[in-house]
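> Chain B: place on chain A using the hints.
2 protein chains.
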Amino acid sequence: MKRQSLRATDMAVQAVSDALAHAHLPKSEVTMLVAGNMLSGTLDRQRQLATLIAEQADLRGIEATLVETSCSSGAAAVRHGFMAVAGGFHDLTVVCGVERMTHAEHADITTALATASDWEREGGQGETFITLNARLMRHYMEAYRVDHADFAHFSVNAHRNALHNPHALLHKSITHEDYMQSRFLTDPIKLLDAPPICDGAAAVILATEERAREAQRMGLPVVRVNASTIGTDSLSLDQRRDVLSLDGAKRSARLAYQQAGMTPADVDLFELHDAYTVIVALSLEAAGFAEAGRGVHVGKDGEITPSGSLPIATMGGLKARGHPVGATGVYQIVESFLQLTEQGGVNQVPNAQVAMTQSLGGTGATVVTHLLSRVG
Amino acid sequence: MKRQSLRATDMAVQAVSDALAHAHLPKSEVTMLVAGNMLSGTLDRQRQLATLIAEQADLRGIEATLVETSCSSGAAAVRHGFMAVAGGFHDLTVVCGVERMTHAEHADITTALATASDWEREGGQGETFITLNARLMRHYMEAYRVDHADFAHFSVNAHRNALHNPHALLHKSITHEDYMQSRFLTDPIKLLDAPPICDGAAAVILATEERAREAQRMGLPVVRVNASTIGTDSLSLDQRRDVLSLDGAKRSARLAYQQAGMTPADVDLFELHDAYTVIVALSLEAAGFAEAGRGVHVGKDGEITPSGSLPIATMGGLKARGHPVGATGVYQIVESFLQLTEQGGVNQVPNAQVAMTQSLGGTGATVVTHLLSRVG
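Protein chains in written order, with this note's numbering: chain A, 647 to 1022; chain B, 647 to 1022.
Just chain A, with the same shape it has in the complex:
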């Protein structure tokens, strides 16, 4: 979304109101709102944003807090909403991710996004998320002797899937050749490796099993949350055990499989953090879908398309749906919900039973994983 005239709160209020309307829930029944957001305090000079959203969404009075883990803020907000509901503190919690960036100057956005890095070691030394991901991609290409062309299919798949998603920012099909010819931002990162700057808001409602069953009896679509986890790693690439291993993602995924009693073989689609194509490869490896160095090759035979064996970025992913940073993790949950309830339209993954979502803060410092499943 790119609507410079809308404030972050307006976008968030719209998402919250839509979610409540879809769930046929009167506002009086919601007792908690958790917001995920990264940049409002800086770019909009607005803090306490969760409380302001609650106020403007006609939910004044309820518990409201904002969770920030940079680019995975939305997913971390879902994690906290999950604990509030599954722990017995609230029956109904609305979680909203929101980010507004396009109204700011490009340089200000770049600097603001770099606050997700270790500022002392990275952002403050001139690194941006493009240069950091360029380092990762260069390492990957050298270590595993692969080329630019090996990353193209991730971008092509994302753009193709976004075509049929009305909420996607980029409705533009691209070919392998388009990818190869796109200009370098910072070698080896090309324009078509990177996500667009954008605005966006998304919301989900988390409910106790009892309330969810009630909704189901009313004919409303619901899904189950089988796992909700967070794993972390150093913020800076230099401090990692192995720069080509997303240890935070590995830990988060391992905990998620444990919580859910599942293995990678159970996952029917994976909404991963395809902010950069190299992150797709590393995420596939970290979540157990490929050995080290093999992630980049996953999908070359179409496995990652909606009809493949491991669909990813089914609604366009960060690359083409867009990456409104603090909102992205909630978008992934919404898109998985749509797939698990057969609302995926042209991009529907046939008989999707289990979806995994994974959202990364920075280059993999705060990683949030969810496993969701269809309710019988």
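Note that these hints are calculated values from the structure, not bench results.
Identical copies carry no separate label here, and so any pair may be met within one copy or between two of them.
In silico DMTMM-like pairs for lysine to aspartate or glutamate, Cα to Cα no more than 20 Å straight-line: (1) Lys896 x Asp704; (2) Lys896 x Asp884; (3) Lys673 x Asp893; (4) Lys673 x Asp704.
Below, chain B alone, put in the same frame as chain A:
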């Protein structure tokens, strides 16, 4: 604290390490860290701060998130840590509040703090927390026909208590006359109505009942969390139902009494949000300790001193211990813990059994209340 050379992470790591050492806990047993912070993203250009604190405190890998509700961020982090532990998701969680402000230019701090207001209606129109609290104080003085002199004892009490707190910023006893003669910041707010700008970090460890009993058997001091709640209100004063009623604080306190099965009569000390003296009066009213318009008179006969019937700001409060905004809510929990475990020193409240803490975001938009009690 005022240590310009220390980074926020350094202060936080020190607080976390001290808390773990006091609890005789090896770092390997802690699985979650929740941080409360308001301004790091802007004043230090560092987001994902919770994960960076975990990394630097030698806790890399564990779940880590940051909670932001402006000035009550620390207390809201405790609320989320409480849900994580009481809900059965973690056995041991460390909660750390941290704020670093004194290194910034005064104008930048004022603007940054104003992001806690409704920016569109207040901060962006030139309002600051001094002008907003001046409006509240003027309203209060006019509605209830009271004078400056009526507020003096809150400030005098806080300064007296801070004298014996080594962690307090201001070690300076003041008299009623000092208060009356202090200069106006914005009429009717005087210098001695307002808190100092300062840095600080504090940490607490939340544990399951089983782990707490273990610690107790080892001879370590522990307290029980009887209630943890959040209530909200509009950010802007103009949108309040009644500008002289802190409805968010009322809701938060009411929920807390319900959760704990307690009434105001059970509370032996109240660590309230004495950012401004008028907020003391309004908080006492909202939490059920005084009728509307009578809060300002509580304590004129010494009831609010440590040996009185309703001690407040027993370690100096926001006014004299200092108000490192995102850390303040955690300081209140620590100070209540000290009182309930007879570690209050000269300021010990005799036989303190139950402590209430209350932390306000903005002028009362996100209010977090905790009730803690001595363990027999």
